[in-house]
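Protein sequence lines correspond, in order, to chains A and B.
In this text, residue positions in the first sequence follow our numbering: the first is 8, and each later residue adds one.
In this text, residue positions in the second sequence follow our numbering: the first is 414, and each later residue adds one.
Hints may be right or wrong, so weigh each one.
Interface residues of chain A toward chain B, partial, derived using beta-carbon atoms under 8 Å [said to hold, decoys possible]: (1) 32; (2) 36; (3) 38; (4) 46; (5) 50; (6) 77; (7) 82; (8) 84; (9) 132; (10) 135; (11) 137; (12) 140; (13) 155; (14) 157; (15) 160.
Pulled from the structure, derived: some chain B residues nowhere near chain A, Cβ distances all over 12 Å [said to hold, decoys possible]: (16) 423; (17) 427; (18) 445; (19) 567.
For the record, the hints were derived by calculation from the structure and aren't laboratory data.
No experiment lies behind these values; they were computed from the predicted model shown.
For each residue, glycine too, the CB sits at the ideal point set by N, CA and C.
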Amino acid sequence: MPCGETVSVIAALLFAAAQSAPLPELTTPQSDYVEYCSGCHGMQGNSAPAEIPVLRDRVGYFMCTKDGRDYLIRLPNVAYSAIADNQELADMMNFVVFGLGGASAPKGTKPFTAAEVKRLRTQALGTQSLIAARETVVDKMILTCAVPQSMKFFYDGQPEAPHY
Amino acid sequence: MKQISIDRIGEKLVRRLAGHTSRRGLLSRVGLALAAAPVFPVLPISRAQAQGKPERDERARTHFTMNAQTKDETKCDYWRYCGVDGNLCACCGGGTHQCPAGAVASTTSWVGTCINPDDNKTYLIAYRDCCGKPACGQCHCDNEDRDTQLYVPQTNNDIIWCFGLDNMQYHCSTAALVGAVR
Numbered sequence: 008m009p010c011g012e013t014v015s016v017i018a019a020l021l022f023a024a025a026q027s028a029p030l031p032e033l034t035t036p037q038s039d040y041v042e043y044c045s046g047c048h049g050m051q052g053n054s055a056p057a058e059i060p061v062l063r064d065r066v067g068y069f070m071c072t073k074d075g076r077d078y079l080i081r082l083p084n085v086a087y088s089a090i091a092d093n094q095e096l097a098d099m100m101n102f103v104v105f106g107l108g109g110a111s112a113p114k115g116t117k118p119f120t121a122a123e124v125k126r127l128r129t130q131a132l133g134t135q136s137l138i139a140a141r142e143t144v145v146d147k148m149i150l151t152c153a154v155p156q157s158m159k160f161f162y163d164g165q166p167e168a169p170h171y
Numbered sequence: 414m415k416q417i418s419i420d421r422i423g424e425k426l427v428r429r430l431a432g433h434t435s436r437r438g439l440l441s442r443v444g445l446a447l448a449a450a451p452v453f454p455v456l457p458i459s460r461a462q463a464q465g466k467p468e469r470d471e472r473a474r475t476h477f478t479m480n481a482q483t484k485d486e487t488k489c490d491y492w493r494y495c496g497v498d499g500n501l502c503a504c505c506g507g508g509t510h511q512c513p514a515g516a517v518a519s520t521t522s523w524v525g526t527c528i529n530p531d532d533n534k535t536y537l538i539a540y541r542d543c544c545g546k547p548a549c550g551q552c553h554c555d556n557e558d559r560d561t562q563l564y565v566p567q568t569n570n571d572i573i574w575c576f577g578l579d580n581m582q583y584h585c586s587t588a589a590l591v592g593a594v595r
């Protein structure tokens, strides 16, 4: 299923549920996203104005640097995820980056592989401030790629940059 | 009269065993069993993972699911409430998809996986809290399917999920159907 279509399926979910139309069937990556991520990040990757990073049309920017790409897997909720299977976790993160992230992932970005996920899970960002780690990664992204300044914020129009 | 001697029977058995087995034979058999054990996975968990992706279905088959009903959504054993912790909005003037008048649905929620006993399919359920009004206090339920310990807070249901709203006062919990697991 093409990524755009995947996102629109998710977008239709709650509306469809409220209308008691036939429920959409979710693939494993979509089910994993809904169960383990969407509670905070939103069914469509957007739960603004909650102070939670918006994924929709933004998360793909992280793929433009190696640090950024690694950061997505090293995040504790990803690295320590209840999803034990590395391929399954890679599939879910590819849905997040290419499905929810849409055009924000640079052209030609290679998807995550099980081997890459396996290696990065052992380097989880366990003890440092995640906001500080994110700031370092985002600053480098803005310097080296065509990434909008608004990535310093959790969502476009957030009144204040996240601080620690 | 012939006496039955347990000692004699024991001795006979042991002698027969000793006569028919060798220590090396035993060792080789134990070794073979050890080497072959991983080929026959016995634990249900490894079986579930080995078969591909039925893990979500397997783990959702809980005590709650086996006793759940599909008729009355104001009872704690209604099938969609397998992971709910709080007051049911269905008892507070709302419903499984609707907040009661005056309460606001949170933008964040706890998400659970429940089996509908009518069709035996697995569904993803969002326990979206309704907030901004004093706690409703009716129909308190605490079901714990797929709930994790408090130190894994993102999948713990003791937390009040009213983040992102102006007023974080908890009122009640809905149980919205999000989708069916393929």
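Hints versus structure:
{"no.": "1", "hint": "32", "result": "4 Å, holds"}
{"no.": "2", "hint": "36", "result": "10 Å, violated"}
{"no.": "3", "hint": "38", "result": "5 Å, holds"}
{"no.": "4", "hint": "46", "result": "5 Å, holds"}
{"no.": "5", "hint": "50", "result": "7 Å, holds"}
{"no.": "6", "hint": "77", "result": "21 Å, violated"}
{"no.": "7", "hint": "82", "result": "11 Å, violated"}
{"no.": "8", "hint": "84", "result": "6 Å, holds"}
{"no.": "9", "hint": "132", "result": "15 Å, violated"}
{"no.": "10", "hint": "135", "result": "18 Å, violated"}
{"no.": "11", "hint": "137", "result": "13 Å, violated"}
{"no.": "12", "hint": "140", "result": "18 Å, violated"}
{"no.": "13", "hint": "155", "result": "23 Å, violated"}
{"no.": "14", "hint": "157", "result": "19 Å, violated"}
{"no.": "15", "hint": "160", "result": "15 Å, violated"}
{"no.": "16", "hint": "423", "result": "50 Å, holds"}
{"no.": "17", "hint": "427", "result": "48 Å, holds"}
{"no.": "18", "hint": "445", "result": "30 Å, holds"}
{"no.": "19", "hint": "567", "result": "6 Å, violated"}
The structure fails hints 2, 6, 7, 9, 10, 11, 12, 13, 14, 15 and 19 (numbered hints given earlier, in ascending order).
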